[in-house]
Structure formats: C-alpha cells, structure tokens
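Trainee: Read off the chains here:
Number of protein chains: 2
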Amino acid sequence: MSTTTVARSTAYKRIATEEAFATPEMIKLYREVLAKKSIDDIGFNSMWGFYSGSPSERAQSIIEKLQWLDERRIADMDASGIDIHILSLTSPGAHVFDNATGTALARSANDILADAVARHPDRFAGMVAIAPQDPKAAAEEIERGVRKLGFNGVMINSHVHGEDLDDQKYWDIFAAAEALDTPVYIHPNTPSDRMIRPFLESGLDGAIYGFGVEVGLHVLKLMVAGVFDRFPQLKLVIGHMGEALPYWLFRLDYMYKATLNSKRYASWKPNKLLPSDYMKRNVWITCSGMPWGPAITFAQQVLGADRVMYAMDYPYQFQLSEVELCDNIPMSAQDKKKFFQTNAEQVFNLR
Amino acid sequence: MSTTTVARSTAYKRIATEEAFATPEMIKLYREVLAKKSIDDIGFNSMWGFYSGSPSERAQSIIEKLQWLDERRIADMDASGIDIHILSLTSPGAHVFDNATGTALARSANDILADAVARHPDRFAGMVAIAPQDPKAAAEEIERGVRKLGFNGVMINSHVHGEDLDDQKYWDIFAAAEALDTPVYIHPNTPSDRMIRPFLESGLDGAIYGFGVEVGLHVLKLMVAGVFDRFPQLKLVIGHMGEALPYWLFRLDYMYKATLNSKRYASWKPNKLLPSDYMKRNVWITCSGMPWGPAITFAQQVLGADRVMYAMDYPYQFQLSEVELCDNIPMSAQDKKKFFQTNAEQVFNLR
Numbered sequence: 014m015s016t017t018t019v020a021r022s023t024a025y026k027r028i029a030t031e032e033a034f035a036t037p038e039m040i041k042l043y044r045e046v047l048a049k050k051s052i053d054d055i056g057f058n059s060m061w062g063f064y065s066g067s068p069s070e071r072a073q074s075i076i077e078k079l080q081w082l083d084e085r086r087i088a089d090m091d092a093s094g095i096d097i098h099i100l101s102l103t104s105p106g107a108h109v110f111d112n113a114t115g116t117a118l119a120r121s122a123n124d125i126l127a128d129a130v131a132r133h134p135d136r137f138a139g140m141v142a143i144a145p146q147d148p149k150a151a152a153e154e155i156e157r158g159v160r161k162l163g164f165n166g167v168m169i170n171s172h173v174h175g176e177d178l179d180d181q182k183y184w185d186i187f188a189a190a191e192a193l194d195t196p197v198y199i200h201p202n203t204p205s206d207r208m209i210r211p212f213l214e215s216g217l218d219g220a221i222y223g224f225g226v227e228v229g230l231h232v233l234k235l236m237v238a239g240v241f242d243r244f245p246q247l248k249l250v251i252g253h254m255g256e257a258l259p260y261w262l263f264r265l266d267y268m269y270k271a272t273l274n275s276k277r278y279a280s281w282k283p284n285k286l287l288p289s290d291y292m293k294r295n296v297w298i299t300c301s302g303m304p305w306g307p308a309i310t311f312a313q314q315v316l317g318a319d320r321v322m323y324a325m326d327y328p329y330q331f332q333l334s335e336v337e338l339c340d341n342i343p344m345s346a347q348d349k350k351k352f353f354q355t356n357a358e359q360v361f362n363l364r
Numbered sequence: 014m015s016t017t018t019v020a021r022s023t024a025y026k027r028i029a030t031e032e033a034f035a036t037p038e039m040i041k042l043y044r045e046v047l048a049k050k051s052i053d054d055i056g057f058n059s060m061w062g063f064y065s066g067s068p069s070e071r072a073q074s075i076i077e078k079l080q081w082l083d084e085r086r087i088a089d090m091d092a093s094g095i096d097i098h099i100l101s102l103t104s105p106g107a108h109v110f111d112n113a114t115g116t117a118l119a120r121s122a123n124d125i126l127a128d129a130v131a132r133h134p135d136r137f138a139g140m141v142a143i144a145p146q147d148p149k150a151a152a153e154e155i156e157r158g159v160r161k162l163g164f165n166g167v168m169i170n171s172h173v174h175g176e177d178l179d180d181q182k183y184w185d186i187f188a189a190a191e192a193l194d195t196p197v198y199i200h201p202n203t204p205s206d207r208m209i210r211p212f213l214e215s216g217l218d219g220a221i222y223g224f225g226v227e228v229g230l231h232v233l234k235l236m237v238a239g240v241f242d243r244f245p246q247l248k249l250v251i252g253h254m255g256e257a258l259p260y261w262l263f264r265l266d267y268m269y270k271a272t273l274n275s276k277r278y279a280s281w282k283p284n285k286l287l288p289s290d291y292m293k294r295n296v297w298i299t300c301s302g303m304p305w306g307p308a309i310t311f312a313q314q315v316l317g318a319d320r321v322m323y324a325m326d327y328p329y330q331f332q333l334s335e336v337e338l339c340d341n342i343p344m345s346a347q348d349k350k351k352f353f354q355t356n357a358e359q360v361f362n363l364r
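First to last, the sequence lines map onto chains A and B. Numbering-wise, the numbering used here puts 16 at position 3 of the first sequence, and it's gapless, one number per residue. Numbering-wise, the numbering used here puts 51 at position 38 of the second sequence, and it's gapless, one number per residue.
In short, the hints are calculated from the structure, not lab data. The reader is advised that the hints may include incorrect statements.
For identical chains, the list gives no copy identity; a pair is met inside one copy or between any two copies.
What the hints assert, rightly or not - With a straight-line cut-off of 30 Å between C-alpha atoms, the simulated DSS-like cross-links for lysine-lysine are:
id	residue 1	residue 2
1	Lys276	Lys49
2	Lys78	Lys282
3	Lys270	Lys78
4	Lys276	Lys50
Chain A extracted, bound-state conformation (with noise of 0.2 Å):
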C-alpha cells in the first residue's frame, strides 16, 4: 500500500458512494452460522468462509477495517484524500438469514451506523441496511431509516436466498424508496446456488467476475419485469463502472427489440422504453473496483456525465494510487466535480 499522503481538493469534496462497514454482532452471526453450517448458501459460505477465517493479510486487513467507524476510518479517509463516505452494511448483509434473525439485524445495523454518522456528520452519510427476505418489514425500515435516521439511500446485496428482485413480492422496497425519493444501491453478492458453480470450480464468483454478472443480470431482470415503468422515478444505483451494462447499451437495445418482435417469450410484456433508456433515466453508476480513466470515460460518453459517481470500495479497495488516478482522468473542470462530488450530492440528497 502507497504511504503518500491524498491532499483534499479544493475544486470539489471527494464523496465515495459505495463504503462497507461490519457490525461485530454481524461478523459473529456470520462466524455462528458458518461454524454450524446452518446456511444453505454456496457462495456465503465460500466467501464469508474466506473472509472470516482465512489467516491471510487481505482477509484480515479487510475484517478488521470493516468495523472502523470512527478515528481509524476517517485517518484512512484522511490519508487517501476522501471527503465523505456513504456507508453500507457490507455484502450479503442480513439477506441470508430467517425473516427475524436478518430485520433484526438490520435495524441494529441502521442504529450503529446511525449513531456514527451523529458522531462524524461531515465525514460520514449512510444507506438503510434491509432484510428484503420480510418485504413489508423492509419497507417499514427503509421509512425509518431515511425519515428517523437521516440516512441517504438503501443497500441490497442482490439475490434474496437465490431470488431476485423482480419477482413482484419484492416491490414494497421499490414503493418505498420511490415514495421517499431515495436510491437503490444494487450491491453484489455472489451468484446464488442456480448459477454459481461454473464460477466457483474456477474461482470466479467473486469480485474478479461473478459479482459483476450477478448484478447486471439482476439490473435487466428488473428492466424486463417492468420495474421502471411501474416505479418510473425509482433511482438505482450500481458499482463497478455499472457492472459492464454501458459497454453493452447497443446490443441490449437491439435485442431487446428484436426478442420483443420475434415473441419468443410468453413472459415478455412490452417496456415502455429501451434498457438504454431506463439506463439513463433511473441508473447511476459508480466507479467502484473500476479506478479506470478509459471506462469512466466511456461511460460518460454513452450515459452522460450526470450519471457516473465517485466511489472507492473501502476497504476492499484501500490504494491511495487509486484517488489520483481518478484525480487525473482528462475532464473537464465541470464534469470532474459531478463525479467527485455534485451528483452525488443529488442522486443521495446530501445536505
């Protein structure tokens, strides 16, 4: 890891939108569950297996970091030069337990976190963390999170024990962040039970890919299942350079028309648009894991400069190196304080 030191800017705040935290009675929940191997979840008991037991620097550095809420974090945030942090509870969340056991869990999540962010209130903002598994509770909690505890936006960790979004039970949480004018940040997890295994024999369901394609399906299942058009002021907000669906933009036009046209889907109901413009009508995305100039500036390109976000991925993705790089991208003036700093100011209703 680099020892230089990130000055601030004075051009713009450095915001970065997609910050994990941990609660110690998470990390034991998910030590608890691993040890009785009470949870049917390849890809949870692979990754959290590793993360929570593995002797390695990278497991042990990223364990301990991930509880940081106060001097350590902003020290960390401090060196790399980073204004704010939007914290969410990190991947998979409360999403693998019993309806009980994961709205517990949550609430007391949204609780500590709301208590750091009262203590550090021009250093830290956050996401509701939700158990998406109890529907109604979800969206209850989603109300208390923004209206009680201030917080700027909700965190999913994508699948729901191997379902995903689209299935209609689960709209409550797209009614409720609509009606509170507050984003939906799709975070990964790795691929459920029904896709995983051709990742995993080669060590591929995690960030390196899996992630990635776990998202972006999930983006365009919700685009086919008529979210957008049933929520049409919903904001969802994805990481990873949006997960490669810029780069696809054509070809998901063109055969979303085409597979319209040809009927081969009895489940296929017209959209009101095309993924490219749902894309760019209620989907932000972040560089998050994606410090590239070259993506980021492609996908200003092709979605506009008003939809592409700062965001570092501490601490998974701890490099000073990597804010400069950002820092030094060619861009003009004006559309470097929109990703730094202003769009997220908006997409998350940042005081």
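With chain A's structure known, arrange chain B on it following the hints.
Mentor: Just chain B now, kept in the frame of chain A:
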C-alpha cells in the same frame, strides 16, 4: 430492413468474420432430437425449439438464410457491401450430440462448406466445425480442415455438454490449433443447465445477455487454468466486442492479483501473465452484434487497433445500416483498414 445498397469500399475489403451457416442435415437432426426431447440441455431446447419451430418472421428468415451458400447469400453480401464471409457452423453446431453423431455431423458440414468455398473462393472462407466432446477426433478434424480443406480457423460453440474447455481433457484441441497456427473462435451458446435458470426465466439467456456471460466466463476459465501459458502461441477470437472483457480489464487484473495473493482458491496456480496481458497477446475480438462506435473505439484504445475486427453476425444481425455505421466511426484510414481487412487476413491466414 433497409433497401439501400451499400457500395463496396475501394479503400479496404470488408471481411466479415463471424458469419453463420447451417446444413440441411443439421437442421433436420435438430428437429428430430427436439421432437423426441432426447437432448438434455435446457438452453438448446429453448433456443432451437424457437428457431426451428417458431412461425415468427425472425425465426423463419434466419433458418432459411443460414442454409444459403451460393447466389442468395452473395446477393445479401453485395447488398451490404461485404466482400468476404468467414463462415462457421451456427451454434451449438455438433456439440449437443453423442461423440459419433457429433463427429460425423461436423465432418459432413465441413465437406459441404469446403465445396461452397471452392465454388466462391473470392467471397467465402471457412472455419472447421468440430465435435469437442471427442477431443481426439476433433483435433484430427482440425488438421483435416486446415490442411486438406483449406480452412482458416476453428469454431467452438462454447460449453460441451455443460463442461468448459478449461478441463485438460479438451486441450488436444488447443494443441492442434496452435500447431497449425489457426485461430480458435469461441462463439456463444446458451449457458449450460448449471447456470441458465436465472437467465432463462426472464428471457435473458440468449444474445441479449446470457451469450456474453457464457463466453466471457469461458475465456476467464481458460486463463485461470493456464491454457495461455501452456499454449503461448494460441490465437483465440471472441465476438460481440470481446464479450465485455475489454471493459472489465482493470478489475480483472486487480482482482486476479488480489485473489492470488489471498490464497483463497487452492486450485489457483500463478499464471505467467495478467489477464490483460493475455487479452493483448492471445485474444482478438470482433464487433459481431456490436456495430457501435463507442465500444469499438474503446476496445481499440485499451487492446490496440491490431486486435479488433469487423463481423456482421449474418444472418442473425443482417442490417445494411450497420455496415455504414462502422464505416463512419472516426478512425484513421490505417486503423479502418486493419479493422475491416488486414487484421482478419493476418489472424485467419487468409491468402
């Protein structure tokens, strides 16, 4: 479909590198096994159940055009300003059958294609069809196809009865291709039963998304397994603008290193190079299905102009306007000639 005709270019030949055909024998065999429900492959039954049985204009037109190997195909090429089709047996080719049926089908398709190329040597070139489920026979057919029939590459339609080619039992195929200096083109198939369900239930298993994931994952599995260290001269070609792998390049390298250092996967042995190195040494991409300036320019930027080739994906994406789209992408005259002509001539050893 547009009725305008695109003139041939005087500055370069337009060589289309991923152009599909089918033999009447293959269509007949597909219809027989679909009627008998004897192939245990969800994606095959969905895709070819549609193409071989749907009354839709798209399906009917495609089935017909796939079988054109003379004047009618050449008329479509003339109408769209295409000089040369590099032809390959359409997906999933001979993959779905038992060893004997698959090997016989591939051989007969190769004989038919060789005759077509002999009738129209200035307009057609061909890739060898194989039945990879019998790797030894496939390697022999590659040698026959290149040496005796004069073909210019090998077409593999991704997974083989749900297995990927990272399994060393398939490596005779790579050995044969490398020894003959002929490229292996990995074309999408629908994802295998091990991962197709979350895609298929939303109609996302095909060209709109599942295809790209299937091939992207396949290529990464080859890298992780060490195929490009074992066969350093192997030339791999993938379509659809590299199945989004160029967009992921930064993250692939970052997470490859992080994952390797973490020792998370016992099966991972260090490769000699990073994913982006193999993408720039062993892999070429074509714009099949993605005739889109921003992605083509991006890929040329991050991989180099020597690695990006034109393809139309006839008859699946036969649109005259798309050739003109590619003509009008801002690009130096030299890079445009590479894109349409000379890269293909070199990679496929066209005379």
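Trainee: Each of the hints needs a verdict: does it hold here or not?
Mentor: To see whether the hints hold, each was checked on the structure:
Taking identical chains as interchangeable, the C-alpha atoms of Lys276 and Lys49 lie at most 30 Å apart only when they sit on different chains, with a minimum of 24 Å there against 47 Å within one chain. Taking the shortest alpha-carbon separations for Lys78 and Lys282, only the inter-copy value of 28 Å comes in at or below 30 Å, while the best intra-copy value is 46 Å. With identical chains, the CA atoms of Lys270 and Lys78 are at most 30 Å apart between copies only, with a shortest distance of 20 Å across copies and 46 Å within one. Taking the closest pair of Cα atoms, Lys276 and Lys50 come within 30 Å of each other only across two copies (22 Å); inside a single copy the shortest separation is 44 Å, beyond that limit.
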